[in-house]
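Each protein sequence line maps, in turn, to chains A and B.
Residue 128 in my numbering sits at position 128 of the first sequence; the count goes up by one each step and never skips.
Residue 301 in my numbering sits at position 96 of the second sequence; the count goes up by one each step and never skips.
Since the hints were made in silico from the structure, they are not lab data.
Don't take each hint at face value.
Unchecked claim - Residues from chain A that keep clear of chain B, each with C-beta distances beyond 10 Å, as calculated:
1. E53
2. Q100
3. H124
4. R126
5. G135
6. A172
7. V187
8. R196
Unchecked claim - According to the in silico footprint, chain A covers these stretches of chain B (three or more CB under 8 Å from chain A):
9. 242-254
10. 295-301
We put the CB at the ideal spot given by N, CA and C, even for glycine.
Listed below, chain by chain, are the residues.
2 protein chains.
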Amino acid sequence: MTLPSALLEQAVDQLATLPGVGRRTAMRFALELLRREPGEVKRFADAVRELRENVRYCERCCNISDSPVCAICANPSRDARTICVVEDVRDVIAVENTQQFKGLYHVLGGVIAPMDGVGPDDLHVRELLERLDAGGVEEVVLALGATLEGDTTSFFLFRKLQERGVRVSVIARGISVGGDLEQVDEVTLGRSIMDRKPYEQSVRR
Amino acid sequence: MTLPSALLEQAVDQLATLPGVGRRTAMRFALELLRREPGEVKRFADAVRELRENVRYCERCCNISDSPVCAICANPSRDARTICVVEDVRDVIAVENTQQFKGLYHVLGGVIAPMDGVGPDDLHVRELLERLDAGGVEEVVLALGATLEGDTTSFFLFRKLQERGVRVSVIARGISVGGDLEQVDEVTLGRSIMDRKPYEQSVRR
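Just chain A, with the same shape it has in the complex (with noise of 0.2 Å):
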């Protein structure tokens, strides 16, 4: 489609670089703000812009955090002796929404995806080491999404870990709570039977 205004036709193919966004969408998102108030469409544009310009992040565990050291990393009452390697700030969040870890985080900012060009070194892992370097870290628990880049990254900080004698541990892969054995794929299950565990150990007092 030809736009009638080279103004308009350059909102669409920035709003169109978001992720999942197509054109279509993104003419909805312009005509939409082409609606409201010229100071509120800057107000937008600017919270946009200074995101960017300021972000700043945590100088232990990379997440993104305001101060120079975030709130998780600077609670003395988290136990400094295990990491939970993530792979973005969405992670931490949902990882504590689940309030089963007192331990600190690791942020990665990605996983490896030699397709995408994202390689070890585009990732945070010189920054992990170092902490480790630093002493006083027992166990890093690795909590990658379940996906090929994602066990790519797992397999790949376990040989750099292991290396440092700390004990490497990975989140369980299983059935959901609450899960239907009939709707879990086939994958899945398998892992569930293979990982199966004595019924005693299973039971949550």
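Could you slot chain B onto chain A? The hints should help.
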């Protein structure tokens, strides 16, 4: 979910104001933008801000246009006796793509939607009536969506236009070309039976 950064919170809040975008998608947008170069994100933000600040509308048909009179209105080979009334620029593009309309357009900028606080005065109705009063228009084709709001707006315009002695038509509703009867909803199918026409008129030559 509580975010670890006010900057991130602000950007996610703003991105979540886009139509159909929830906080989860907004977070995905924000993290994707964070992976880009600051200059790239600035271009994104500027394109959005500039669209709203510098947008201009054709002084005749009210379509978005970089010039005072848009390319369609300025084209002397278009038939100025027929005006097709549409909701927004997307509809102009859609009708243009059919290559079945040679007249001019009038862009309302919305439809009457009392629930959303949109009344006739929020639309470019006055501009349409002024065009008719200027003379030379013989037919107005109403090409609004087949929704409650679209129908309300069409009826409102029909009454205004009738007073001015202009011919008012509305685009046909019926089953889609290439559509199976069993997949058509019953209101549309009922309408297409009521609006049936002599077979010899239906054949495209």
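Which of the stated hints cannot be reconciled with the structure, identified by number in ascending sequence?
-> Hint 1 contradicted; others consistent.
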